[in-house]
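**Student:** Spelled out, the chains give:
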Amino acid sequence: MSKISRRRFVEGTSAGLVATTVPLRGQTKAGAPAKSAIKVTVNGTVHRIEVEDRWTLAEVLRDHLGLTGSKIGCDRGECGACTVLLDGKNVYSCSQLAVWADGRTVETVEGLAHNGKLDPLQEAFIEHDGPQCGFCTSGQLMSAKALLNHNPHPTADEVRHAMTGNICRCGNYNHYVESVLAAAGTLSADARRKA
Amino acid sequence: MNSLKTLGHPTSRIDAMKRVTGTATYTGDLRVPGMLYARVLRSPHAHARIKRIDVSRAQALPGVKAILTHENCDVIWGSGDMRNKRYLFNNPVRFAGDAVAAVAATDRHTAEEAMRLIEVEYEKLPFVLDPEDALKPGAVEIQAGGNLSPTARGQREPETYRRGNIETGFAAADRVFEDHYSSPHINNAQLEPRVAIAQWNGDQLTVFTPTQGISNCHTEMARDLKLAPEKVRVICHYMGGGFGNKNQNHDFELMAAVLAKNAGAPVKIEFTRKEDFLSVHGRWPTKQYYKIGVRNDGTLTAIQLRGYSGMGPYRKGTGGIAGIEIYQCPHVERQVYPVYTNKAVSANLRGPDYPQGVFGLESLMDDIATALKMDPLEFRLKNMTRKFQDQLEYTSIGLEDCLRKGAEAFEWKKRWHAPGEGSGPMRRGVGVAMGSFGSNLGRSSAVIDVDAQGMYHVHVGVTDIGTGAKTTMALIAAEALEAPLEKIDVIWGDTGRCPYSVGESGSRTTTQTGWAVVQAAQDLKRQIAEKGLPKGSDLLTATVNANPDPLRGQARVSFVAHFAEVEVDTETGHVKVTKYVAAHDSGRVVNPLTAESQVKGGATMGIGMALHEELLYDRASGLPLTAGYYGARIMTHLDTPEVDVLWIQTEEPYGPFGAKTLGEPTIIPSPAAVANAIFNAIGKRVKDLPISRDKLLGVLA
Numbered sequence: 136m137s138k139i140s141r142r143r144f145v146e147g148t149s150a151g152l153v154a155t156t157v158p159l160r161g162q163t164k165a166g167a168p169a170k171s172a173i174k175v176t177v178n179g180t181v182h183r184i185e186v187e188d189r190w191t192l193a194e195v196l197r198d199h200l201g202l203t204g205s206k207i208g209c210d211r212g213e214c215g216a217c218t219v220l221l222d223g224k225n226v227y228s229c230s231q232l233a234v235w236a237d238g239r240t241v242e243t244v245e246g247l248a249h250n251g252k253l254d255p256l257q258e259a260f261i262e263h264d265g266p267q268c269g270f271c272t273s274g275q276l277m278s279a280k281a282l283l284n285h286n287p288h289p290t291a292d293e294v295r296h297a298m299t300g301n302i303c304r305c306g307n308y309n310h311y312v313e314s315v316l317a318a319a320g321t322l323s324a325d326a327r328r329k330a
Numbered sequence: 252m253n254s255l256k257t258l259g260h261p262t263s264r265i266d267a268m269k270r271v272t273g274t275a276t277y278t279g280d281l282r283v284p285g286m287l288y289a290r291v292l293r294s295p296h297a298h299a300r301i302k303r304i305d306v307s308r309a310q311a312l313p314g315v316k317a318i319l320t321h322e323n324c325d326v327i328w329g330s331g332d333m334r335n336k337r338y339l340f341n342n343p344v345r346f347a348g349d350a351v352a353a354v355a356a357t358d359r360h361t362a363e364e365a366m367r368l369i370e371v372e373y374e375k376l377p378f379v380l381d382p383e384d385a386l387k388p389g390a391v392e393i394q395a396g397g398n399l400s401p402t403a404r405g406q407r408e409p410e411t412y413r414r415g416n417i418e419t420g421f422a423a424a425d426r427v428f429e430d431h432y433s434s435p436h437i438n439n440a441q442l443e444p445r446v447a448i449a450q451w452n453g454d455q456l457t458v459f460t461p462t463q464g465i466s467n468c469h470t471e472m473a474r475d476l477k478l479a480p481e482k483v484r485v486i487c488h489y490m491g492g493g494f495g496n497k498n499q500n501h502d503f504e505l506m507a508a509v510l511a512k513n514a515g516a517p518v519k520i521e522f523t524r525k526e527d528f529l530s531v532h533g534r535w536p537t538k539q540y541y542k543i544g545v546r547n548d549g550t551l552t553a554i555q556l557r558g559y560s561g562m563g564p565y566r567k568g569t570g571g572i573a574g575i576e577i578y579q580c581p582h583v584e585r586q587v588y589p590v591y592t593n594k595a596v597s598a599n600l601r602g603p604d605y606p607q608g609v610f611g612l613e614s615l616m617d618d619i620a621t622a623l624k625m626d627p628l629e630f631r632l633k634n635m636t637r638k639f640q641d642q643l644e645y646t647s648i649g650l651e652d653c654l655r656k657g658a659e660a661f662e663w664k665k666r667w668h669a670p671g672e673g674s675g676p677m678r679r680g681v682g683v684a685m686g687s688f689g690s691n692l693g694r695s696s697a698v699i700d701v702d703a704q705g706m707y708h709v710h711v712g713v714t715d716i717g718t719g720a721k722t723t724m725a726l727i728a729a730e731a732l733e734a735p736l737e738k739i740d741v742i743w744g745d746t747g748r749c750p751y752s753v754g755e756s757g758s759r760t761t762t763q764t765g766w767a768v769v770q771a772a773q774d775l776k777r778q779i780a781e782k783g784l785p786k787g788s789d790l791l792t793a794t795v796n797a798n799p800d801p802l803r804g805q806a807r808v809s810f811v812a813h814f815a816e817v818e819v820d821t822e823t824g825h826v827k828v829t830k831y832v833a834a835h836d837s838g839r840v841v842n843p844l845t846a847e848s849q850v851k852g853g854a855t856m857g858i859g860m861a862l863h864e865e866l867l868y869d870r871a872s873g874l875p876l877t878a879g880y881y882g883a884r885i886m887t888h889l890d891t892p893e894v895d896v897l898w899i900q901t902e903e904p905y906g907p908f909g910a911k912t913l914g915e916p917t918i919i920p921s922p923a924a925v926a927n928a929i930f931n932a933i934g935k936r937v938k939d940l941p942i943s944r945d946k947l948l949g950v951l952a
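Same order as they appear, the protein sequences are chains A and B.
For the first sequence, my numbering begins at 136 and goes up steadily by one.
For the second sequence, my numbering begins at 252 and goes up steadily by one.
Hints are computed from structural coordinates only; laboratory data are not their basis.
One thing to keep in mind: the hints can contain errors.
Unchecked claim - In the DSS-like style, the derived pairs of lysine-lysine whose C-alpha atoms are separated by at most 27 Å in a straight line are:
#1 A:K252 to B:K665
#2 B:K336 to B:K269
#3 B:K482 to B:K336
#4 B:K387 to A:K252
#5 B:K827 to B:K776
#6 B:K387 to A:K224
#7 B:K665 to B:K482
What the hints assert, rightly or not - Reference listing, derived: stretches of chain B covered by chain A, where coverage requires no fewer than 3 residues with Cβ under 8 Å from a Cβ of chain A:
#8 271 to 278
#9 431 to 445
#10 841 to 852
Ideal Cβ placement from N, Cα and C applies to all residues, glycine included.
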């Protein structure tokens, strides 16, 4: 996996980013916006729904399927609070159109626990105090889930790289990394505390 | 320190399950039947007069239910400006992002379309971005009466503090050092953007909103909408951070209420991330001129500061540049000029007055130690405060232990070297800085009742901004009631169900509301001892409006020292923080688990302030360039070092079980510690935050 951090990427492209910060939508003509029927499997349940083509996946999950666990922090692919798994890969659901999810599988934070039993990640997040305000937590959990799905025993550094697209302004990164390592069973005394 | 049954042991948050399962309900997750969506149109100019505004095309769009502009809405946002009348919609607009119109429509896309159909003709006015420029003759007047924001008494003079005689202090010095520093506007950048729902039921208004203080928000909304307080109810159950920019009542809540009234339907108003960055507020940018006198043995004789703070066009915060009180010194003079500019508005961000002031002060103190060939740690141990402002005894002080034990944990003696010593492109260096933050006793309330099952219901008007306030209140109640934590039920975040609370700002909740909880618990215990537990559906209730006497001749203060080690790549200017120790005296630590999160978070935010964050402006157009997470370069997983937390638990005689302030101090010395570490690494100092690569390479060239 590439080790280019988002910070480095952003530093290299800051001029371009400044120019693209204003969201541009096509001028909508009078009359109803275009709609499409899609079939999407969310947390194991098949939904056949009609969506406006301009709706994002985040919007459909939250406003139309009632799955408000995924948060919208920026709505422009910067913060990661809306992270869900799309066919197993962690994506920013604010930056995916709902129509693109047609025929695909989505997993959200609401699907992590099974039959009332929390996912080990959720257990660890509670024990190690991952969430402070909690607004980024669902996204942190889903990125962590995507990581553990393909790398069940990551190092602390691998966790940081895999989750660097998920911003926590409360700054509780130490506890998030600790939580993921604990869930993966790779939390060593050394990784937990250098002191 | 004696150990307690419930307090002082790492405890998971009582609402942690909700936070990890996506079931904690934030304001944006709520929907009420018939709800409209609102959007705000904002000024694209730094300063402009609105000559004409035409909403007819927007009004004609199907689905549009209400539009507000300065022409049909004259509500004054009282908490938006402490000195001037600030309307919800102002003309002229005074910064890029000032609100011009608000639209409510059946869905958010229609509201956004309607915004694009509003025609506004602007007459651009001259603008000024820099506070020192704004005070020069000929600068455009942003508020009537001039750009120096007046004091609370209406005087056009700097905010001033003096003790001793500054000239006597300089005369007594062997050497005098002078330098100047600056810090930029940076945004609070809490993850949850502003969103509120306003719903009228007749003349009764209910507002769901993320606020750091339901009580203040409630009082101020009623005031601005000219409603009796009992007609307004404010509810905030979960909220996604604030760090000072969700204090009090805000314009978006008032806009939602007026739109909902006019449209005859509930309204959910949402700000975009860019709006949240530009149109709410961030930390005030500063320019600081320090002059310090010292004897050859390192004893301080005088500290003088002249500072300028850019407040944006409205006076929403103090503009303070603080920190001098961490040093013992007989002669002090501080003059700070809060100045109107056409940048985004400035007000509270974590540790409000301190981190920028401590950055400048601790940078110069480090240079003085270097010039006197003293170890910067020894210099601080020699000169650190012993009495508050050299006058009042502290109720407890652990600053020396923060420095000594922190240095030990950090291995300061092993790691510190003469500044700039070393070779090769990668340089390592270490820095230390210290800070303090007032932890005053004050008014707050709590109601506790107990039912026949022995379940205690603790009603407190707190909101849980992320600090763990609910859990803290539950722990304090459990300890004071001698009851297991499982028997404590906390009712919070609703002015319809909770008594007054001071609000989650100024690090006051644990001390003030916590103290009210202790008082109520003691009362309830007396009642139970007298009458026994209630029977059937009866309750026993204790109500406390605690208003402790202010301390006389004493100061109650939290202390902190942070130690940072950095690795500087002198070829690319990249700085990596490689080790970090944060030593805190906050008295007794109520919950070490969540308290540790606070410290790690504050230190991390401070590292971001040191190295990354700045809302950059184009000087030609007066427009902001870096509003957003990428642009502001908010700290990520990859930027963050392991922060080791060290508790110096002093015996504090006042407050709930001796707990003092924690949340705000965590960021105070952090930017300075990192800046001093960079200086130690390369022997050169960057005096303007953030210490970005270009500036670093500049001083190295």
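**Student:** K252 (chain A) and K665 (chain B) were given as a pair; does the straight-line alpha-carbon distance stay at or below 27 Å?
**Tutor:** violated, 49 Å
**Student:** Is the Cα-Cα distance between K482 (chain B) and K336 (chain B) 27 Å or less?
**Tutor:** Roughly 24 Å separates the two Cα atoms, so the pair holds.
**Student:** Checking C-beta pairs, does the stretch 841 to 852 of chain B have three or more residues closer than 8 Å to chain A?
**Tutor:** Coverage by chain A holds here, the residue count being 7 at a Cβ distance below 8 Å.
**Student:** Would you check chain A against the stretch 431 to 445 of chain B, counting CB to CB pairs closer than 8 Å, and say if three or more residues qualify?
**Tutor:** holds (count 6)
**Student:** Tell me if chain A covers the stretch 271 to 278 of chain B under the three-residue, 8 Å CB rule, please?
**Tutor:** holds (count 7)
**Student:** Tell me if the straight-line CA distance from K387 (chain B) to K224 (chain A) falls inside 27 Å.
**Tutor:** violated, 56 Å
**Student:** Mind checking the alpha carbons of K387 (chain B) and K252 (chain A) for me, to see if they're no more than 27 Å apart?
**Tutor:** Outside the cut-off at roughly 66 Å; violated.
**Student:** Take the C-alpha atoms of K665 (chain B) and K482 (chain B), compute the straight-line distance between them, and say whether it is at most 27 Å.
**Tutor:** violated, 64 Å
**Student:** For the pair supplied as a hint, K827 (chain B) and K776 (chain B), is the alpha-carbon distance within the 27 Å limit?
**Tutor:** Distance of about 53 Å is beyond 27 Å: violated.
**Student:** CA of K336 (chain B) to CA of K269 (chain B), is that 27 Å or under?
**Tutor:** At roughly 42 Å apart (the allowed maximum being 27 Å), K269 (chain B) and K336 (chain B) break the hint.
In the structure shown, a violation is registered for the earlier hints numbered 1, 2, 4, 5, 6, 7, in ascending order.
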